[in-house]
Amino acid sequence: MDSPSKSADGEIDRTSADGVAALDRAIAILDAFTTDDRSLSLAEIAARTGLYKSTILRLANSLMRGRLLERLDNGRYRVGPATFRLGALYQRSVVAVDILLPIMRDLSERSWESVAFYVRSGDVRTCLYRVESKHPIRYTIREGDVLPLLLGSGGRVLAAFSGQQGEPYET
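Letter by letter, the sequence shown follows residues 1 to 171 of the working numbering.
Mixed in with the good hints, there may be bad ones.
[Said to hold, decoys possible] The calculated label-pair distances, taken between Cβ atoms and stated as ranges, are:
(1) 121 to 21: 20 to 30 Å
(2) 54 to 101: 42 to 52 Å
(3) 50 to 75: 17 to 27 Å
(4) 100 to 21: 22 to 32 Å
(5) 98 to 134: 16 to 26 Å
(6) 88 to 37: 13 to 23 Å
(7) 121 to 50: 30 to 40 Å
(8) 156 to 19: 30 to 40 Å
(9) 156 to 64: 15 to 25 Å
(10) 23 to 134: 40 to 50 Å
(11) 162 to 96: 14 to 24 Å
I should point out that these hints are in silico values taken from the structure, not numbers from a laboratory. A quick note: this is a predicted structure, and the numbers were derived from the prediction, not measured. The beta carbon of each residue, even a glycine, is placed where N, CA and C say it ideally should be.
Please take these sequences and the hints and turn them into a complete structure.
In structure tokens, the structure reads:
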């Protein structure tokens, strides 16, 4: 997505050169949620997206009809159950879980370390699968977490084998 600019009415325009503004804005609403902020108020969504509350309300109705967003009894919003179905569909389409998870479990048992499987998308990586170590103290990353590509060893491995030249892509 291109960097957002302000439209004539002052709202942030999230339309990419070849995109659809309404869809780009709906995606911005969904992207406002994080694993740490699983429910957001209308004001919080507006602050994170730069969209007007009236725009958010219109788009939220469509997202709720599609079960991509839910409105809670306290008026806050959270992602809806359809996002889980889409996430699971993507997760299973990337790699054969029947093959990958036994290998990850074996590696974790042999090394006494946590094992994660990431997929790269641009300058970020998403954790698709995770097997935790048995250590009582550990750095926890959850499946679905999105991290900067060059943060941590997993991201550096993806960068090193990406085929790109120059540092930090060289091993």
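Against the range 30 to 40 Å, how does the distance between the Cβ atoms of residue 121 and residue 50 compare: consistent or not? At roughly 22 Å between Cβ atoms, residue 50 and residue 121 fall outside 30 to 40 Å, so the hint is violated.
Between residue 100 and residue 21, is the Cβ distance one that fits in 22 to 32 Å? 38 Å, violated
Satisfaction of the hinted span 14 to 24 Å by the C-beta atoms belonging to residue 162 and residue 96: Because 22 Å falls inside the window, the suggested range holds.
Quick one: are residue 88 and residue 37 within 13 to 23 Å, going by C-beta? 22 Å, holds
Do residue 50 and residue 75 keep their Cβ atoms within the hinted range of 17 to 27 Å? 21 Å, holds
Taking the beta carbons of residue 156 and residue 19, is their distance inside 30 to 40 Å? Holds: the Cβ-Cβ distance is about 32 Å, inside 30 to 40 Å.
Please test the hint of 42 to 52 Å on the beta carbon pair from residue 54 and residue 101. 45 Å, holds
Determine whether the Cβ-Cβ distance between residue 23 and residue 134 falls within the hinted range of 40 to 50 Å. Given about 44 Å between the Cβ atoms, the range holds.
Can you let me know if the beta-carbon spacing of residue 98 and residue 134 is within 16 to 26 Å? Given range 16 to 26 Å: holds, Cβ gap about 23 Å.
Are residue 156 and residue 64 spaced within 15 to 25 Å by their CB atoms? 40 Å, violated
C-beta pair residue 121, residue 21: status relative to the range 20 to 30 Å that was hinted: Holds, at about 22 Å.
Of the hints listed earlier, those the structure fails to meet are numbers 4, 7 and 9, in rising order.
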